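Undergrad: In case you want the letters, here they are:
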Amino acid sequence: MKIEDKKRVLREMVLHRRFEERCYQAYIERKIGGFLHLYPGQEACCNGVMEAARPGHDYVITGYRDHVHAIKCGADPKAVMAELYGKETGSSKGRGGSMHIFDGDKRFMGGYALVGGPFPLAAGIAKAIQLKGGDEIAICFLGDAANNQGVFHETLNMAALWKLPVLFVCENNLYGIGTSIERSTAVVHQHKRVAAYNIPADECDGQDIEIVYEAARKAVDHVRSGNGPYFLELMTYRYRGHSMSDSRGYRSREEEELWKQRDPIFILRDRLIKDGAMTMADFEALEKETDAYIENEVIKFAEESPEPRVEDLEKYVFADRATQLPWLTGKAA
Amino acid sequence: MANIMYWEAIQRAHDEEMARDPLVICMGEDIGVAGGTYKATKGLYEKYGPLRVMDTPISEGGFTGLGIGASFLGVRPVIEIMSVNFAWLAMDQMFNSAAKVRYMSGGQLTAPCVFRSAGGAAHQLGAQHSARMEKVFMGIAGLRVVTPSNPKQAYGLLKSAIRCDDPVFINEHELMYNMKGEVPDGEYFHPLEGSEIARSGTDVTLFGYNISVHWCLKAAEILDKQYGISAEVVDLYSLSPLDRAGIKTSVSKTHRAVIAEEDEAPVGVGSEVIAIINEECFFELDAAPVRVHSALVPQPYNHTLEKAAIPDHEDVVKAVLKLFGKA
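Chains as they are written, first to last, in the working numbering: chain A, 2 to 334; chain B, 2 to 328.
Treat the hints as calculated values from the structure; they're not laboratory data.
Here the structure is a predicted model, which is why all the values come from computation and not from measurement.
Backbone N, C-alpha and C define an ideal beta-carbon position, used for all residues, glycine too.
Treat each hint with caution, since some may be false.
[Unchecked claim] Here are the simulated DMTMM-like pairs of lysine to aspartate or glutamate, each with C-alpha atoms no more than 25 Å apart in a straight line: (1) A:K133 - B:E280; (2) A:K332 - B:D31; (3) A:K164 - B:D186; (4) A:K261 - A:D206; (5) A:K316 - B:D166; (6) A:K8 - A:E315; (7) A:K133 - B:E273; (8) A:K3 - A:E211; (9) A:K107 - B:D166; (10) A:K133 - B:D22; (11) A:K164 - B:E30; (12) A:K332 - B:E47; (13) A:K332 - B:E183; (14) A:K316 - B:D93; (15) A:K332 - B:D287; (16) A:K316 - B:E188; (17) A:K275 - A:E5; (18) B:K136 - A:D206; (19) A:K133 - B:E183; (20) A:K133 - B:D316; (21) A:K164 - B:D56; (22) A:K332 - B:D16; (23) A:K107 - A:E183; (24) A:K332 - B:E280; (25) B:K308 - B:D287; (26) A:K133 - B:E265; (27) A:K332 - B:D186; (28) A:K332 - B:D93; (29) B:K327 - B:D287; (30) A:K332 - B:E188; (31) A:K133 - B:D186; (32) B:K249 - A:E315; (33) A:K164 - B:D31; (34) A:K164 - B:D287; (35) A:K316 - B:D16; (36) A:K133 - B:D287.
[Stated by the list, open to error] Covered, in the sense of this in silico footprint (three residues per stretch, anywhere, with C-beta under 8 Å from a C-beta of chain A), are these stretches of chain B: (37) 12-19; (38) 263-271; (39) 305-316.
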């Protein structure tokens with residue numbers, strides 16, 4: 002990665018980290034409801050892959066831990082926060098919530114809350130790309146635990162069979178909710194499970210963005226060149242619990258500390274400092290600047306935005322009726 | 002008007018829509034090279050090729066989800082689920098992805114896909130190949146459910162379902178694919194909403210849909226000839242949404258109602274129609290509405306037991322006679 006790109010991505014990763022930490026605070030203050038799944042610790046995964054891909058051009062789909070993926074694709078952090086606040090200005094107009102962030106214009110095809118559900122949807126998006134003949138690819142980000150669903154295998158089979166342009170990114174954070182991978186999964190290294198479908202697969206460190214980026218470049222090139230699907234496993238860790246109701250009793254504080262020694266933001270920061278591209282003071286200023294942006298713009302926007310109107314409760318269940326009348330009434334022109 | 006079979010009507014709708022729009026595709030088990038278990042996609046593979054007529058692996062959840070994902074980008078897949086019993090495996094994707102994506106994305110994404118599936122008890126197919134599941138689908142927000150009772154509807158409903166931007170589930174019946182009927186020669190779009198009067202009458206309304214419309218028509222004939230009772234038959238080809246206005250109009254005219262369904266009674270089409278009658282026109286009733294339905298048993302294999310589990314036109318006649326105090 003070029004120095005300028007590394008500096009830009011560091012800024013983005015700091016935003017992603019501070020955004021999520023601010024969500025935590027807002028949740029405690031009961032400004033955010035429902036379930037909230039946070040991303041700190043895993044930032045190099047989404048950022049490394051999307052640096053190798055084309056955000057806003059390639060189609061991205063993921064599970065419920067989706068805020069950062071949406072922002073990386075180009076969604077406005079203000080709209081994402083407003084969504085968490087349940088506001089009309091939210092990315093899904095307050096109808097989705099944390100687990101269902103969408104940005105159709107940026108080709109962020111959503112967060113879905115059934116574990117494994119996005120696998121076949123991603124393959125379908127790739128099928129549509131194949132039919133239309135574009136150079137886009139579909140990228141499906143999911144956790145390791147999703148691979149224990151039946152549709153994982155069904156989808157790998159179809160994606161390989163039909164050579165669909167889809168990249169499966171497995172963010173292996175070692176836990177499915179509160180059960181460790183050793184206790185839930187017969188084969189711990191997920192890329193090995195993919196070999197059965199003749200899909201090329203790779204595993205790498207998910208904490209060092211430059212390693213992720215290099216592995217993702219190879220993966221993206223493979224898929225974009227029309228060679229069919231690819232599976233990339235990134236070894237990573239989430240600092241927070243699965244969601245906000247999780248007190249992390251299933252793992253030790255020592256294990257958490259070990260992973261925090263390899264924090265993705267600090268790895269990149271320290272490398273930039275070592276290369277003389279920035280100083281610690283620059284980084285601290287960046288954090289402050291980011292916090293100020295989140296507070297003065299993102300939170301302010303979410304706080305001040307209007308709620309959806311109760312009269313619009315049933316809006317968006319079906320397509321706008323006026324546009325569908327020929328088929329609903331049979332009176333086609 | 003051509004007199005063609007139900008499967009031919011479905012095949013024609015596929016063919017016309019695929020010829021018109023290169024983004025209309027169809028997918029399912031054995032639908033391509035083999036031409037479809039019920040021939041509903043016969044000849045399409047040869048005409049449109051494997052990219053658009055996709056023989057899928059036996060992975061209902063997977064290929065249904067794949068079709069839904071493609072529909073997010075404007076592809077219009079017609080997804081055949083060979084037997085509605087297998088749709089259980091696809092329901093997560095149908096309900097959680099297709100039916101909800103428009104709402105949970107605040108209107109940004111939509112899933113314009115069509116699910117077709119054969120339900121119903123055929124001949125001794127046993128517990129896992131005889132289900133009627135329309136009642137499961139009709140309770141899902143964001144999903145339209147239609148069920149054709151004749152070739153004209155089978156053709157016109159599929160045409161409309163493919164054009165509509167909402168996901169549509171089309172409930173077909175294993176015993177009806179060879180039924181013949183008149184289909185317009187020109188292009189025809191059957192409304193996805195509403196109901197139609199299959200036979201006009203004044204003394205009682207018989208509500209049916211799909212195969213039970215035929216029980217009702219046969220029963221109306223017997224009631225007229227043998228008992229002097231004039232029955233109106235209302236075809237509820239749209240199960241979601243149900244035609245509240247149509248139900249009200251007919252019951253307000255006849256003041257009596259029988260609902261015939263191949264489903265089991267609990268949480269069925271009949272329960273819902275009676276609830277609508279209560280809400281819309283309770284004081285028009287001269288007698289309590291009656292349901293005709295299957296026994297609440299897993300479908301038995303034995304022929305005699307199977308026949309005992311499933312209603313037919315005679316059960317509809319009996320229900321009407323009971324309603325008139327003649328049984």
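Undergrad: Now look at each hint and say whether the structure bears it out.
TA: Now for the hints, and whether the structure bears them out:
Only pairs whose Cα atoms come within 25 Å are accepted, and K133 (chain A) paired with E280 (chain B) is rejected, the gap being roughly 48 Å. Distance hint between K332 (chain A) and D31 (chain B) is unfulfilled; the C-alpha atoms sit about 34 Å from each other, more than 25 Å. At roughly 40 Å between alpha-carbon atoms, K164 (chain A) and D186 (chain B) are farther apart than 25 Å, so this suggested pair is violated. A threshold of 25 Å between alpha carbons decides the hint, and for K261 (chain A) with D206 (chain A) the separation of about 14 Å falls inside it, so the pair holds.
With a CA separation close to 15 Å, the supplied pair K316 (chain A) and D166 (chain B) stays within the 25 Å bound. The hinted pair formed by K8 (chain A) and E315 (chain A) fails the criterion: a straight-line CA distance of about 45 Å is larger than 25 Å. At most 25 Å may separate the alpha-carbon atoms for a hinted pair to count; K133 (chain A) and E273 (chain B) exceed this at roughly 43 Å. Our distance criterion of 25 Å between C-alpha atoms is met by K3 (chain A) and E211 (chain A), whose separation comes to about 10 Å.
Proposed proximity of K107 (chain A) and D166 (chain B) is supported: the alpha carbons are some 21 Å apart, at most 25 Å. Between K133 (chain A) and D22 (chain B) the alpha-carbon distance is near 12 Å, which keeps this suggested pair within the 25 Å criterion. Only pairs whose Cα atoms come within 25 Å are accepted, and K164 (chain A) paired with E30 (chain B) is accepted, the gap being roughly 19 Å. Distance restraint check for K332 (chain A) and E47 (chain B): the Cα-Cα separation of roughly 33 Å exceeds the 25 Å cut-off, and the hinted pair is therefore not satisfied.
Restraint check for K332 (chain A) and E183 (chain B): the C-alpha separation of about 19 Å stays at or below 25 Å, so the hint holds. Taking the CA atoms of K316 (chain A) and D93 (chain B), the gap is near 23 Å; set against the 25 Å cutoff, the hint holds. Pair hint K332 (chain A) plus D287 (chain B) does not hold up; C-alpha atoms about 36 Å apart against a cutoff of 25 Å. Only pairs whose Cα atoms come within 25 Å are accepted, and K316 (chain A) paired with E188 (chain B) is rejected, the gap being roughly 32 Å.
Distance restraint check for K275 (chain A) and E5 (chain A): the Cα-Cα separation of roughly 15 Å lies within the 25 Å cut-off, and the hinted pair is therefore satisfied. Between K136 (chain B) and D206 (chain A) the alpha-carbon distance is near 49 Å, which puts this suggested pair outside the 25 Å criterion. Proposed proximity of K133 (chain A) and E183 (chain B) is contradicted: the alpha carbons are some 37 Å apart, above 25 Å. A hinted pair counts as satisfied when its Cα atoms are at most 25 Å apart, and K133 (chain A) with D316 (chain B) does not qualify at roughly 53 Å.
With a C-alpha separation of about 15 Å, the suggested pairing of K164 (chain A) with D56 (chain B) holds against the 25 Å cut-off. Restraint check for K332 (chain A) and D16 (chain B): satisfied, since their Cα atoms lie roughly 21 Å apart, inside the 25 Å limit. Simply put, K107 (chain A) and E183 (chain A) have alpha-carbon atoms about 37 Å apart, too far for the 25 Å limit, and the pair is violated. Simply put, K332 (chain A) and E280 (chain B) have alpha-carbon atoms about 29 Å apart, too far for the 25 Å limit, and the pair is violated.
In summary, the hint linking K308 (chain B) to D287 (chain B) is not supported, as the alpha carbons are separated by about 32 Å, beyond the 25 Å threshold. A distance of roughly 44 Å separates the Cα atoms of K133 (chain A) and E265 (chain B); the hinted pair therefore is violated under the 25 Å criterion. With a C-alpha separation of about 17 Å, the suggested pairing of K332 (chain A) with D186 (chain B) holds against the 25 Å cut-off. For the hint linking K332 (chain A) to D93 (chain B), the alpha-carbon distance of about 33 Å lies beyond 25 Å, and the restraint is violated.
A hinted pair counts as satisfied when its Cα atoms are at most 25 Å apart, and K327 (chain B) with D287 (chain B) qualifies at roughly 15 Å. A hinted pair counts as satisfied when its Cα atoms are at most 25 Å apart, and K332 (chain A) with E188 (chain B) qualifies at roughly 12 Å. Between K133 (chain A) and D186 (chain B) the CA atoms are separated by roughly 32 Å; this puts the pair beyond 25 Å, and the hint is violated. Under the criterion of a C-alpha separation no larger than 25 Å, the hint pairing K249 (chain B) with E315 (chain A) is consistent with the structure, at around 24 Å.
Between the alpha carbons of K164 (chain A) and D31 (chain B) the distance comes to roughly 20 Å, so the proposed pair stays at or under 25 Å and holds. Straight-line distance between C-alpha atoms of K164 (chain A) and D287 (chain B) comes to about 64 Å, which puts the hinted pair past the 25 Å bound. Between K316 (chain A) and D16 (chain B) the CA atoms are separated by roughly 34 Å; this puts the pair beyond 25 Å, and the hint is violated. Under the criterion of a C-alpha separation no larger than 25 Å, the hint pairing K133 (chain A) with D287 (chain B) is inconsistent with the structure, at around 59 Å.
For a cut-off of 8 Å, the count of residues in the stretch 12-19 of chain B with a CB near a CB of chain A stands at 0, and the three-residue condition is violated. Chain A is given as covering the stretch 263-271 of chain B, and this is violated because 0 residues of the stretch bring a CB closer than 8 Å to a CB of that chain, at least three being needed. With a cut-off of 8 Å between beta carbons, the stretch 305-316 of chain B has 0 residues touching chain A; three or more are needed, and the interface restraint is violated.
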